[in-house]
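Colleague: From the two separate chains plus the hints, produce the assembled complex.
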Amino acid sequence: MANSKVSQDTGDLKLDRVSKHYGDFCAVDDLSLVVPDGSFFALLGPSGCGKTTTLRMVAGLEEPSAGTISIGDTDITTQKSYRRNVNTVFQNYALFPHLTIFENIAFGLRRRGLKDVKTEVENALNLVEMGHLAQRKPNQLSGGQQQRIAVARAIVNRPEVLLLDEPLGALDLKLRRQMQIELKRIQTEVGITFIHVTHDQEEAMTMADTIAVMNQGKIEQMGSATELYEAPKTAFVANFLGQCNLIKGKVTNRANGKAVVSAKGHTFEVPLSRVATDNDSVFVGVRPEKLRLDDNGINSIKDCVVIDRSFVGTSTQYLVKAPWDLDLVVFEQNDEGLHDLRVGDKVSLEWDAEHTFALDGAQDINAGSDLDDEE
Amino acid sequence: MTKVAAPRPSLSHRASRWFSRNLIRIYAGVAFFYLFIPVAYTFAFSFNDAGKSNLVWQGFTLENWKNPCGAPQVCESVVNSLQIGVISTVLATILGTMIAFALGRHKFRGRKTTNLLIFLPMATPEVVLGASLLAMFLNLRINPGFWTVVIAHVMFCISFVVVTVKARIASLDPRLEQAAMDLYANERETFRYVTLPLVMPGIAGAALLAFSLSFDDFIITNFNSGIVSTFPKFVYVSAARGIPAQANVIGSAMFFIALIIVIVGQVVSRQRKKS
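Read top to bottom, the protein sequences are chains A and B. Note that the first sequence covers residues 1 to 375 in this note's numbering. Note that the second sequence covers residues 1001 to 1275 in this note's numbering.
Simulated from the structure, these hints should not be mistaken for laboratory data. The C-beta atom is built at its ideal place from N, Cα and C for all residues, glycine as well. A few of these clues could be false.
Said to hold, decoys possible - Pairs of lysine-lysine residues, derived as DSS-like cross-links and limited to a Cα-Cα distance of at most 30 Å, are as follows:
1. Lys184(A) <-> Lys250(A)
2. Lys258(A) <-> Lys233(A)
3. Lys174(A) <-> Lys184(A)
4. Lys80(A) <-> Lys118(A)
5. Lys137(A) <-> Lys1273(B)
6. Lys118(A) <-> Lys1107(B)
7. Lys1107(B) <-> Lys80(A)
8. Lys264(A) <-> Lys290(A)
9. Lys250(A) <-> Lys290(A)
Unchecked claim - DEER-style ranges, computed between Cβ atoms:
10. Ser1212(B) <-> Gly72(A): 56 to 66 Å
11. Arg1105(B) <-> Gln140(A): 47 to 57 Å
12. Gly169(A) <-> Leu1196(B): 52 to 62 Å
13. Thr74(A) <-> Leu1120(B): 50 to 60 Å
14. Ala66(A) <-> His1106(B): 21 to 31 Å
15. Ile365(A) <-> Met1098(B): 51 to 61 Å
16. Asp1173(B) <-> Ser47(A): 13 to 23 Å
Said to hold, decoys possible - Sample of chain B residues lacking proximity to chain A, with all beta carbon distances greater than 12 Å (derived):
17. Ala1044
18. Phe1047
19. Ala1071
20. Val1127
21. Ser1132
22. Arg1175
23. Gln1178
24. Ala1179
25. Tyr1184
26. Asn1186
27. Thr1190
28. Tyr1193
29. Gly1205
30. Phe1218
31. Pro1232
32. Val1235
So that you can see chain B by itself, here it is in the shape it has in the complex (with noise of 0.2 Å):
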């Protein structure tokens, strides 16, 4: 690096100047790997020949795929989990959305405080809530089981499909109602037609986000679930005698099911778009 005058500019320089043009590239890229890094994990040893214990690696086989209910109570939990995740979230969507159009649409007594209680159980922590409702459902003497899991999700999924609901609600704009009743819609007419399909994305939103919250607990369900087992339960109890390595398949069957309802909601909206 003698001759100053050359008229490149230094190796050193060059490399630096892309270095700063792609860091953004560089710092996504990093942080996609660590994202993803415990997914790849997953997926990868769901094609481990495991045996007893999915922690080293065996070999490479496709039986756990072929055959993903070949671990005792798998596939049963993984049910169980689907049907508590279905019936919570119809419920607490149509509960949730029902409170939400009180609160963003309604002046009534005690409305403020009515906001504040439904941050509550959001703010209070899981293993206080399990425990609590554990509490409660002893003294009324009703045994814990599929039913008492699906009131405790019930219970935690409202308090987000407010929130999600109410954001959707506040973000529309009165007039369109004013411009629905101005030509000949009846109230009723008027939220079948316009407000409810305006604010149908945010109600979706928070139905999925209901579902997968409940489908993912595992304290608030461990503390009220008895003898019926969910696929978190599932997989935290097997932990201690090895987790199975078709829990990893459903584990990666699961997250790729929801890329690919991602990716066709992303495509169906920009050939909306288009046309």
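Bound conformation, chain A alone (with noise of 0.2 Å):
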């Protein structure tokens, strides 16, 4: 009955200049934003970043203080969630108690007043690989089932745009790397668009085509996870998505595609296309499987002494203190180059320039990095 309200737009997800503020507090401070249809896209940041009032403003929950929510050119920005193509799989899952598996999925068809809700039951029971279960009530399910039957509770609807909260935060880490397979297989299957939210850059990293990092509200880098983590933009995206080591500087000269960066007597060499401040106080930045136990390449670090070593399998993790008061963590691959380092050992450092990056010097240089392990 209601079928011919919902609104049946098809197009690129456009959220533009939206904020939202619960009395003084801003949740989501100017965003601005664009999700390519049929893409894998993901929100990510440590909790009260406003990536779920992002969301839930997307779904129609929450109404966005200024700016403007469109699918296609349809703007959604104050219609009823119940009136957009848009479905979610919430948090916990959010099942009907009272209803079975079965009458779960139908709901939104049944809703819609679609005919042959059987058929497309099955079909979505189907492709979650749950058709057994029909008969059964959520709280006879395990969590991993429970969220396989939320997915196929929103899919089974064929929402213009899927949103995912934290669908996988309440499960093991076993099944979570399993569940991040499969979604990601159903989202190949299906082509929607599926907005994914999560805390876990892993995930982020495994699953998404794009990710946005979050932070205090805004978007502090949008790119695919290699961009993310191989040229980040700000010290919060350096050291939320992975581990990363930032050196205080200051540029000394700009020439032939190059910048160079003294600090404390060494001399490092930083692609110009890497640099991503006009200001002359940088951090440099390098990952730790960057930086290699030798003494002959452009950017080193000598005199070195060894503080920390863990053996972690495939590789050997080892805290290092420069010459002054910095240190640094280096990756190992646990291969035939092996150093095998004890504590106490004295080491040099190097790496090369095009894994180097420089961020502006003018922010926190821990910013985002504690922040990861929270759930």
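Modeller: Following this line, the structure appears as structure tokens:
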């Protein structure tokens, strides 16, 4: 009956200068974003960064304080959530406890007055490989099963955009890995735009085509997992995605496609394309696995001391102290060239210019570094 | 007990160990005995070949059970009680549920005061309520009777309904309603297909409570019923002349009907869980 009232537009999801205030607190701050039709998009950030609020505004469960949200050419900013062709997989799933699995999945179809509910529901159940559970109640299912049902209940409606709010947060690690692959498969199969909200950087990097890293209501940086990891533009992104070594220094020269940065008597070369600021005060950044325990590279630090060492299977992780107040993390692959250093050993570090990046030195050097473990 | 080296513990020791292990069971047994002795007494005396007064055991008979309406007016009063109970329950449950939703779901001016006022009838002594209601009816020149009892019962049942239903609403996960809206259910459909079914157990519990309060009430009823007799009033009035054994029959029957309902409910819910 409500079928005709649900908007049927297809196209990119656009958020244009969207803000959300709760009293004095600004949850989402002037956010603009385009999610291409059919892509797997991740909103990544620590809790309280505004990612869930953003998702709820797209779902129609919150109204933006300012800005517009549209799908294709249709403005949906003030549209009721039941009029939007958008469905949500809720955190902790929110399955209806009084209905069977079949009726849970059929709920959206019945409300829209569609015919052939049975076939549609069965197809959705088969897509998540849960066909045998149709007549159970949600509380008779395990967490992983409930998760799949929540996905089926949303996807059966063939929404223009599927929103996933920390969908794997309640699952244990092994099941989470399995569901990551599963969700990716489903997305490829149905070709619907997925927007996945998560605080788990590994989850975002594994699944999403594009990741937007959010912090304090704003998008810090947006790009593919590789772009964000290899060429972060802010200290927050550098620290939040994996581990990172940041060295405070000053740009002394910009010429011939490279910048020269000096720090405590050392000079480091950075390709100009990888310098994210015009400021002369910078952080020189390099990922731990890019560092080598040698001393003939373009960028090197001599006279370092190993202060900690841990063997983690595929690699050995060293904590190395530079000749000044700076600790560096080094991952060495466990293969033939292994150095097998001990705590107290003297060592030199080197790395390639093309693995180096430079960030604005006016930021907090630790931004985003202690946040990735929270639930 | 002179042989200390005996391999088995002494009798008194074993007895005290048995006692301490079964203490909870003994305590439960005593408590249930205490709770059910009046019921057992009522049941037993429903078989008394009583004649006028049912206070002394005169001999066994099935006559009372074969003819429960045998005593004058007893069945008339039961029918009155059932009618008043059903009408009051329906009205109090509908009104109370609506108040509970308003209090549990919406913010409005005077919500806190309303919350407090809802508790007042429960805290006020029944004698006072009964007497003031009668005064009110007389001032309004309404003759006490069937409908004044209904009005009085609805009034004191509402509070209990509100409290019961509100507790259920408070425990409802708001995300379920959001999920329904997300799945194309408008406000009315969300209420009908998600909210109401989930609150239903609370409403049903409230209705049962309201019915038993209404059926049971004597004090307020006695003030406001005029010449209409309810079952509790009948028992009270006939106590002066000797309660007929038929009252015991009806009381026992009520108890067993309630017991059967509870057992059936348990069995049904257990089977539902199994399947």
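Colleague: Can we trust that Val1127(B) is non-interface, i.e. its beta-carbon lies farther than 12 Å from all of chain A?
Modeller: 43 Å, holds
Colleague: Is the Cα-Cα distance between Lys258(A) and Lys233(A) 30 Å or less?
Modeller: Distance of about 17 Å is within 30 Å: holds.
Colleague: Could you let me know if the closest chain A CB is still more than 12 Å away from the CB of Arg1175(B)?
Modeller: 4 Å, violated
Colleague: Taking the minimum C-beta separation from Tyr1193(B) to chain A, is that value above 12 Å?
Modeller: 7 Å, violated
Colleague: Within a Cα-Cα threshold of 30 Å, do Lys1107(B) and Lys80(A) meet the stated pairing?
Modeller: Holds, because 21 Å separates the two Cα atoms, which is no more than 30 Å.
Colleague: Taking the shortest Cβ-to-Cβ distance between Val1235(B) and chain A, state whether it exceeds 12 Å.
Modeller: 41 Å, holds
Colleague: If I claimed the Cβ atoms of Gly169(A) and Leu1196(B) lie 52 to 62 Å apart, would that claim hold in this structure?
Modeller: 30 Å, violated
Colleague: Quick check on a hinted range of 56 to 66 Å for Ser1212(B) and Gly72(A), using CB atoms only.
Modeller: Given a distance of about 59 Å, which is inside 56 to 66 Å, the answer is holds.
Colleague: If you draw a straight line from the CA of Lys174(A) to the CA of Lys184(A), is it 30 Å or shorter?
Modeller: Satisfied, since the Cα-Cα distance of roughly 16 Å is no more than 30 Å.
Colleague: Lys250(A) and Lys290(A) were given as a pair; does the straight-line alpha-carbon distance stay at or below 30 Å?
Modeller: 22 Å, holds
Colleague: Just to be careful, I want the Cα atoms of Lys264(A) and Lys290(A) compared with a cutoff of 30 Å; is the pair within it?
Modeller: 21 Å, holds
Colleague: If we take the beta carbon of Gly1205(B), is the closest beta carbon in chain A still more than 12 Å away?
Modeller: Consistent with the label, Gly1205(B) stays out of reach of chain A, its closest Cβ about 16 Å off (over 12 Å).
Comparing the model with each earlier hint shows violations of hints 1, 6, 11, 12, 22, 23, 24, 25, 26, 27, 28; every other hint is respected.
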